[in-house]
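K.L.:
All chains should be modelled from the sequences, with the hints used to inform the complete structure.
Listed in order, the protein sequences are those of chains A and B. Taking this note's numbering, I'd label the letters of the first sequence as residues 272 to 316. Taking this note's numbering, I'd label the letters of the second sequence as residues 11 to 339.
Treat the hints loosely; a few may be bogus.
[What the hints assert, rightly or not] Between beta-carbon pairs, the in silico distance windows are:
1) A:286 <-> B:219: 43 to 49 angstroms
2) B:319 <-> A:286: 47 to 53 angstroms
3) A:278 <-> B:87: 36 to 42 angstroms
4) B:242 <-> A:283: 17 to 23 angstroms
5) A:284 <-> B:321: 45 to 51 angstroms
6) B:279 <-> A:280: 16 to 22 angstroms
Hint data in this document are derived by calculation from the structure and do not stem from the laboratory. Ideal placement from N, C-alpha and C gives every residue a C-beta, glycine not left out.
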Amino acid sequence: MEIKKEKLKLNKEVNYKEDGRKIIYYNFTDGKEVIADKGEEKEEK
Amino acid sequence: MSELRWNPLKREWVIIATHRQDRTFKPPEDYCPLCPTEEGGFPTEVPQKDYDIVVFDNKFPSLQNEPPVPAVSSTDLYKVRPAEGICEVVLFTSEHDGIMSEMPLSRFLKMVKVWRDRYQELGAKDFIDYVYIFENKGEEVGVTLEHPHGQIYAYPFVPPFVRKKQNSSKEHFEETSRCLFCDILSEELERGERIVAQNDSFVAFIPFFARYSYEVNIFARKHLTSFSDFDEKEEKDLAHILKIVIMKYDNLFDFIFPYIMGIHQQPTNEEDDKEYSHFHIEFFPPYRTKDKLKYLAGSEAGAGTFINGSYAEIKAKKLRKTEPIIDQN
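P.N.:
Have a look at this one:
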């Protein structure tokens, strides 16, 4: 099992809820990955 | 209300958090507070739908950034202090029924990167001494919300289990100039019989001294103290071995295997402990057979001595032979 894709880039968006609590949305660069042990290709997002 | 109360007998802090009695308890699936808010639906903890991983402050925190004044005063014997700290929830996916072992490897890598970011951000705060990243999985270990999630507790002290291990490692280092975790890993690799899986950067094994039948530890091969020491390859390798261990767990008895998972790293209290702090992960699954749970009873809960009804060598062999089978060399 190996990720073929190059580096994932982390992006974070910090927001605050009405009660003042912090919420952080993490998003990464999209991409394909190959799961070698199953021989199948999956795409996220 | 919340506060920290000192136990002078055990020399440890106890967190009092009375507001946690009111936390959401096993809601129906269509009222999950961890699912994204639907248009016209009830407001959940996550207003946005589009995310890879989301982290937010726990609604019912045991420790708080701005804690209330304790309800009682300290005495010479009974110390009390505000329950200062940070408690966060980490949602691994927006899918309520997501199964970790079936998630693509890239999601595990994203989790590793988010955990790294949280360790660094929380650990940089003056009042945080220890960042503990963990996951409680399954009703058997007390999970009240089904949606796949983990938690982070950023403590204003080094918790007692961690302190005990740090003290042992420090003493070993002073005697031998070697890290105790590195020596344990060398011995496990030399014997080989308790190894469950391994890759270039990490080794998963049931330790010689396991307290639970299927207790798996993951140690970094190199002397990495925390996520901050990881390079890109080590992040990928950690994602890989985590997925392997969780897949093996789920395949072991053909059901989603509950566990408590804890990630341990160098404390962030600026002690000079880099030489004997070692990144490792511990899994504590409650099942000792397919249909029997391990309970903490008299000896475990009352005396602190665990009784493990199985040999680590036999259980490791069983996990090793459970799919996915990977190259052990």
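K.L.:
Quick one: which hint numbers does this structure break? Sort them smallest to largest.
P.N.:
3, 6
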